[in-house]
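Given chain A's structure and the hints, the job is docking chains B, C and D onto it.
Protein sequence lines correspond, in order, to chains A, B, C and D.
All residue numbers for the first sequence refer to the numbering used here, where the first residue is 1 and numbers rise by one.
All residue numbers for the second sequence refer to the numbering used here, where the first residue is 1001 and numbers rise by one.
All residue numbers for the third sequence refer to the numbering used here, where the first residue is 2001 and numbers rise by one.
All residue numbers for the fourth sequence refer to the numbering used here, where the first residue is 3001 and numbers rise by one.
The set of hints was computed from the structure by calculation and includes no laboratory data.
Some clues are possibly wrong.
To give an idea of the interface, some chain A residues facing chain D are shown, with a C-beta separation under 8 Å as derived from the structure [to be verified]: (1) Thr11; (2) Lys19; (3) Ser80; (4) His162.
All values reported here derive from a predicted model rather than from experimental measurement.
Backbone N, C-alpha and C define an ideal beta-carbon position, used for all residues, glycine too.
There are 4 protein chains.
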Amino acid sequence: MNTLGKNLVFTSFGESHGKAIGGVLDGVHAGLSIDMDMIREALDKRAGRSCKTMNATPLVRAEGMSPRAVRETDEVEWLSGVKDGLSLGTPIAFIIRNKDARPQDYEWLKENYRIGHADFTYQEKYGIRDHRGGGRASARETAARVVAGSIAHQLLLEKGIHIHAQLVQVGEETDSTKFNEYIADIQRHGDSIGGIVECRITGMPVGVGEPIFDKLQSHLAFAMMSINACKGFEYGSGFQHVGLKGSEMYLSDNSAWQTGGIAGGISDGKEIVFRCVFKPTATNRKTVAALDANAPVGRHDACIAVRAVAVVEAMAGLVIADLMQENDSQKEANG
Amino acid sequence: MNTLGKNLVFTSFGESHGKAIGGVLDGVHAGLSIDMDMIREALDKRAGRSCKTMNATPLVRAEGMSPRAVRETDEVEWLSGVKDGLSLGTPIAFIIRNKDARPQDYEWLKENYRIGHADFTYQEKYGIRDHRGGGRASARETAARVVAGSIAHQLLLEKGIHIHAQLVQVGEETDSTKFNEYIADIQRHGDSIGGIVECRITGMPVGVGEPIFDKLQSHLAFAMMSINACKGFEYGSGFQHVGLKGSEMYLSDNSAWQTGGIAGGISDGKEIVFRCVFKPTATNRKTVAALDANAPVGRHDACIAVRAVAVVEAMAGLVIADLMQENDSQKEANG
Amino acid sequence: MNTLGKNLVFTSFGESHGKAIGGVLDGVHAGLSIDMDMIREALDKRAGRSCKTMNATPLVRAEGMSPRAVRETDEVEWLSGVKDGLSLGTPIAFIIRNKDARPQDYEWLKENYRIGHADFTYQEKYGIRDHRGGGRASARETAARVVAGSIAHQLLLEKGIHIHAQLVQVGEETDSTKFNEYIADIQRHGDSIGGIVECRITGMPVGVGEPIFDKLQSHLAFAMMSINACKGFEYGSGFQHVGLKGSEMYLSDNSAWQTGGIAGGISDGKEIVFRCVFKPTATNRKTVAALDANAPVGRHDACIAVRAVAVVEAMAGLVIADLMQENDSQKEANG
Amino acid sequence: MNTLGKNLVFTSFGESHGKAIGGVLDGVHAGLSIDMDMIREALDKRAGRSCKTMNATPLVRAEGMSPRAVRETDEVEWLSGVKDGLSLGTPIAFIIRNKDARPQDYEWLKENYRIGHADFTYQEKYGIRDHRGGGRASARETAARVVAGSIAHQLLLEKGIHIHAQLVQVGEETDSTKFNEYIADIQRHGDSIGGIVECRITGMPVGVGEPIFDKLQSHLAFAMMSINACKGFEYGSGFQHVGLKGSEMYLSDNSAWQTGGIAGGISDGKEIVFRCVFKPTATNRKTVAALDANAPVGRHDACIAVRAVAVVEAMAGLVIADLMQENDSQKEANG
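Isolated chain A, as found in the complex (with noise of 0.2 Å):
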């Protein structure tokens, strides 16, 4: 299903070359005062367009990115649920244009698999598929979680939480001032890396997340690994705690140890942190060559974790957002 949420709802639709991709979002109270710079700036991040994205280095813009990405400009289009600028507590449907079709990239597709893509997965499932750019497994549709995730995160800015993602790892390189001469480098070479991304939610209360099933972590978790590419997520320690010993954890001043701001699946009130890591795509100029000479490049990310950073903050926002009107419905009931 392409529905996500319980008490913030979001459902998605569209194929990458179709007419549009879109989303609905229901459950955003009415009278919210909709920051539209505010989207704006998170789909150029995802487009790899902002200057935030990677430090104000615009080395990496003009060549780790898929020329798509920066000639379109995701223009929104909404539909429905909102009214001169406010919401009106309904159903907010919204679409963008897919304006680059350019079907014939993609004749090549109609008879052949892409390596570490989901046309085998898609076609035996379906027994049909639209072929063209990846259709509906195609990242294009992460642009209308961006749009939805804004939303969510201006409900949570509501409340004072924050949510900053950042790429902190590409390759072996952990040093960000570096991250664009490397992922230039890789570029130049028509290959791919994989990255990691850091997320943090500071001014969370206490008290979000459900004991047992709807561990906060678990529904981060659930998100997270939704996004195209993404193969692992950790929160805290993560899978460094698999060296600690629970004497070094909590009787040494073991400063690199962090418990992530979740206990019992329940925020603590502390920062929240977790990482998750994006494998390197798998079409590029090697790959492509290598194996098959007549198949179209196509476009693609020398490194997919960059743009990554802004589905990771826009499907935690969603996340949140969601887990909060639980929490505030047990609030009230609680007096």
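Chains B, C and D alone, transformed into the frame defined by chain A:
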């Protein structure tokens, strides 16, 4: 909420030192011959009593387990949904009574929060809690998951799907023949240690999992992150992807690289492989002695990941059986 | 599925002649002081033992009720979620053991389907069924609903909301003082008769219920139609509307006309009024004698609507309490 | 929330005088050849333009319909999920733009609540509303339901299931040949009148619907009560049951008595029959003149039940197609 799943729906209830823990499993088709021995074995594995838990080495059971785990037999009382050993198609309800309640051990907790536990967040969220042994937050709740998960596993066996999890790392140790000695040593020092559990699912058909939000990996991550002490999830090559180039993944004979059996959120028919990391338990002789000499040490596991193996298998069973029914419905619709 | 509700979630389980029936009620806030007498009274009302059922006239109880109803005491065993009389905020699980199982009475049903019962559809759907007394389809299951509904009602009383249902028609009789005599007469003739139950909810705030699909009347109708033998639902003036002109409704002083306390799916702050019709039970002395002299008459109610009163109240309680939490969450978001 | 269904999921959006109304239908299998004429016809029926609506008598269309209904063509724009006339298995999103927005007609509503409308409850619940023509509460939203319902109907036709609704009572009149004259007379007097719509579903297999809470009649009632102006639902003999004795139902040749095609919440393979009552519209020339001579009459239907026929069919289609997928999944599991 304490309910998981859409087509195969599991509801869990019970506090660790209340009358009973238990569950309701809804959506099991009528006529399944329920293998009680398989359920017994899964419970034994979770309790650290099974010879299969750690490569048939009994040492860990004696040294590294909570005495309660060894003593309790976790007898399952079936309340509904089963008649003459066959499922009726109606909700299967069961309980495991709590026998070993020694409330005096927990008096100390009435006024104190344990480090690394959910005592604080529960108290803040609910304003009331059953302080005895963690109450609802106790890992004892996972016994109900193991019962339900075993039934789910039996549903999958009917379709030729097998789930097998095992411990693959303890501390820095990755040689499984040395795990027992390693954990026994940790136990002797009154300390605790983290571990990684790997799970492999074989016999999967192509097409299980939904694109966008109900990706197979999203549901697996959700379920695994809901297990106590789990701090991270990855599938296929997971976090190793950060250091990989696209060309290395797809062009070289890099045998260490794994897709994990999922593409675009949908099973590709190959073996599914994922891993979870479990933190060291916070409560052990060392931490308790250092922080409050008056506090009871209670019962603790030197490496909780050992017993988590059975819970990982249970949760994987619930997730896969749930998504299989979704897929079956689609296949029928497709005709 | 056997689960109802979104914020206040009730799961029901149990066959009428299995070990026990029971339920799990999730979403009750912590700290509710549970009034066991109120639950007892609701169960007595359902069993036809309460003086409040039918205007304090004991005759119907003696004449018109199933002997099992009068005999069984429906003792509730609390398994979780309650400690020292207070809710813990965790799932409240409870069971009522089945004491009066006389399987020999039901041998006949192994090979036969009763008219007007679900024997045929269950057998076709599941290929297996617990034939004893209807198994899962038996109205005995509604005892679990009454327990959960009573707790829901207690949640509503905290907010000043009262629910009261009563029998308003039996056969053609609408004078409540004559119901007992009427039903006793039906009973003497070995027959059964239909009835209408009316429910009134007072103290409702404005704003409960959601537009479009989650209308207040939709949820009430869903819940009422799920009660055994219920064949119709209406609110306000209901089916009488067909004969009304718009001008009569709004311009004349037509005191018989009622809005029902809901506009656009949302409570308007006035009293909510709805009605449900219950068919006569199919199994009675006359039908059994005519169709198969060898079949056991079993136990039957002359007018099942009498006992349905308690179930209508229970289901209304669950629905309203569930939607109230939705509304609370929205108020908090708006506030 | 604005989403309905579990396996076939419909999300509705749009205000009556905003940019567009529309919907997203998720869960349609890939490869369905979508019959656009059938959708067109269903929309015409809803708009009162179809010859099939009322026995091919054009009078009612001219006399009894809102001018807007006759004028607007409800052109559907398909945004996603359909390619070359075939469904892709991805969410089908569509919009119908609002052409006839004359906001000046609704200025009066900014400061006033109409009787018998949801103006008051919306204002109270949301603190803001789109006052133009009822905004989200307007029956215009049902056009999106009709589009989605028609696709659902097409899914059912593949399985040999037909849905047909018709007007069976207007005011006190039950002779369908006199409906047109009756309604035209009401219209001439500037008044409005209630009506009853009956729906019959043929070709149903045995086994659709779930016991306990997801009974077939519960889902039908939920969906019907969500239609604007619907005040009651009954199936089979419905409210007539109150006057029936068990012996009359089962022993006599009472041809007026109907089971309705459902037993124990599950279809029994016979024709399903249910009825809904629709109240007279509150706004008509008489009520407006009497209550506020300055208010615009706007556009009103003399008997809204006429156009509700298409919406009843649409909602029945969505419900049955949704439950069919549930049943398919079970059959596969059992098979």
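How the hints compare with the structure:
1. Interface hint status for A/Thr11: upheld, as the beta-carbon distance to the closest one in chain D is roughly 5 Å, under 8 Å.
2. Taken as an interface hint, A/Lys19 checks out: its beta carbon lies about 5 Å from the nearest beta carbon of chain D, inside 8 Å.
3. Annotation: A/Ser80 was flagged as interfacial toward chain D, and the flag holds, the nearest CB pair being 4 Å apart, inside 8 Å.
4. Taken as an interface hint, A/His162 does not check out: its beta carbon lies about 26 Å from the nearest beta carbon of chain D, beyond 8 Å.
Hint violations for this structure: number 4 only, all remaining hints satisfied.
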